[in-house]
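> Sequence:
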Amino acid sequence: MTDHFTPDRPALRSWLPGFLALAAIWGSSFLFIKVGVEELHPLQLTLYRVVTGALTLLVVLAVLRDRLPREPRVWAHLFVVAAFGVSVPFTLFGYGEQRVESMLAGIWNATTPLIVLPLAVLVFRTERLTTRRAVGLALGFAGVLVVLGVWEGVGGAHFAGQLMCFGAAACYGVAIPYQKRFVAGSNHSGLSLSAAQLLLATVQLAIVTPLVAGAPPLPTELSPRVVGSVLALGALGTGLAFVINMRNIRVAGASTASTVTYLIPVFAVLIGALALGERMNWHQPAGALVVLFGVAVSQGLIGRRRRAAVGVGVPAVPAVEPATRR
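Counting in full-length UniProt numbering, the sequence shown runs from 1 upward without gaps.
No lab work stands behind these hints: they were computed from the structure.
For clarity, every value in this text was computed on a predicted model and none was experimentally measured.
Careful, some of the hints might be misleading.
As the list claims (entries may be wrong) - Using C-beta positions, here's what the derived DEER-type ranges look like:
1. Asp66 with Arg181: 22 to 28 Å
2. Leu211 with Arg181: 38 to 44 Å
3. Ala160 with Ala134: 28 to 34 Å
4. Leu145 with Ala215: 37 to 43 Å
5. Ala62 with Ala286: 43 to 49 Å
6. Arg225 with Ala62: 45 to 51 Å
Beta carbons are placed, not taken as given, at the ideal position from N, Cα and C, and that holds for glycine.
The task is simple: from the sequences and hints, build the whole structure.
Below, the structure written as structure tokens:
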């Protein structure tokens with residue numbers, strides 16, 4: 001290719017600030033969840049978070065003069081994605097963080113690509129399994145066992161909390177390839193699809209939450225730190241962060257933007273340690289490094305030159321494939 005046809009590489013300063021801001025916002029989400037479940041049931045926290053995020057994205061939609069999908073088929077598929085990509089995983093992280101440290105929840109979120117790939121290959125048939133990806137998966141799941149510390153035995157509230165966080169990542173593993181298979185071909189923007197997911201998740205949670213956890217308390221009945229955490233989770237982590245990520249993809253490309261996954265657990269650990277004074281056992285960060293190494297191998301970042309982006313999941317926004325929205 002001649003220089004005339006070779007695309008210019010974007011300047012680092014054009015996307016790095018937004019990239020780091022996004023990693024910090026999504027990494028801090030686990031801190032806000034930890035604070036929120038101090039006074040709210042996990043379902044109540046998720047409901048407040050989703051409502052706030054939905055309102056934020058609806059405002060952005062209005063400003064950008066975008067609109068929600070109109071096809072019933074799209075809404076039907078998004079109902080499934082809303083359940084597995086928003087309602088259930090957000091709630092599971094809340095349940096999990098009643099039992100484990102916020103930094104550990106951030107580490108478990110990094111396992112999402114390990115679950116996305118086998119489901120995308122075996123169930124939804126949107127990806128192809130190669131030897132490199134198989135090796136990456138094996139390494140990643142070996143890291144999962146290290147994080148769990150299986151040699152110390154299983155059982156107890158802490159172990160159950162880790163399984164809940166892993167279950168949340170597994171939900172993203174279902175939602176991302178499902179959306180790629182059934183929704184990604186539509187002509188709607190990622191912002192429109194994400195706003196629709198949050199609206200559907202609001203309906204789901206509005207029905208389930210009063211039955212399981214009771215009516216959520218009024219904001220005036222909550223402490224300022226919990227109210228602030230809910231607003232940060234919804235407006236910032238589930239709303240504005242989505243807009244930042246869309247800009248990152250537009251400026252730096254989907255491949256570069258997707259690597260924010262590797263920084264989220266780093267910020268989650270740093271913020272948990274500095275803000276909450278949390279500490280971890282040696283095997284948890286060691287296992288996290290093995291997990292991230294496995295993810296990097298499976299996505300082609302190590303061992304060969306990367307040629308195409310592989311979709312990864314991030315917890316703080318509805319599960320939408322990077323190539324179509326983020």
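> State for each hint whether it applies.
Verification of the supplied hints:
{"no.": "1", "hint": "Asp66 with Arg181: 22 to 28 Å", "in the structure": "holds, 24 Å"}
{"no.": "2", "hint": "Leu211 with Arg181: 38 to 44 Å", "in the structure": "violated, 31 Å"}
{"no.": "3", "hint": "Ala160 with Ala134: 28 to 34 Å", "in the structure": "holds, 30 Å"}
{"no.": "4", "hint": "Leu145 with Ala215: 37 to 43 Å", "in the structure": "holds, 41 Å"}
{"no.": "5", "hint": "Ala62 with Ala286: 43 to 49 Å", "in the structure": "holds, 47 Å"}
{"no.": "6", "hint": "Arg225 with Ala62: 45 to 51 Å", "in the structure": "violated, 30 Å"}
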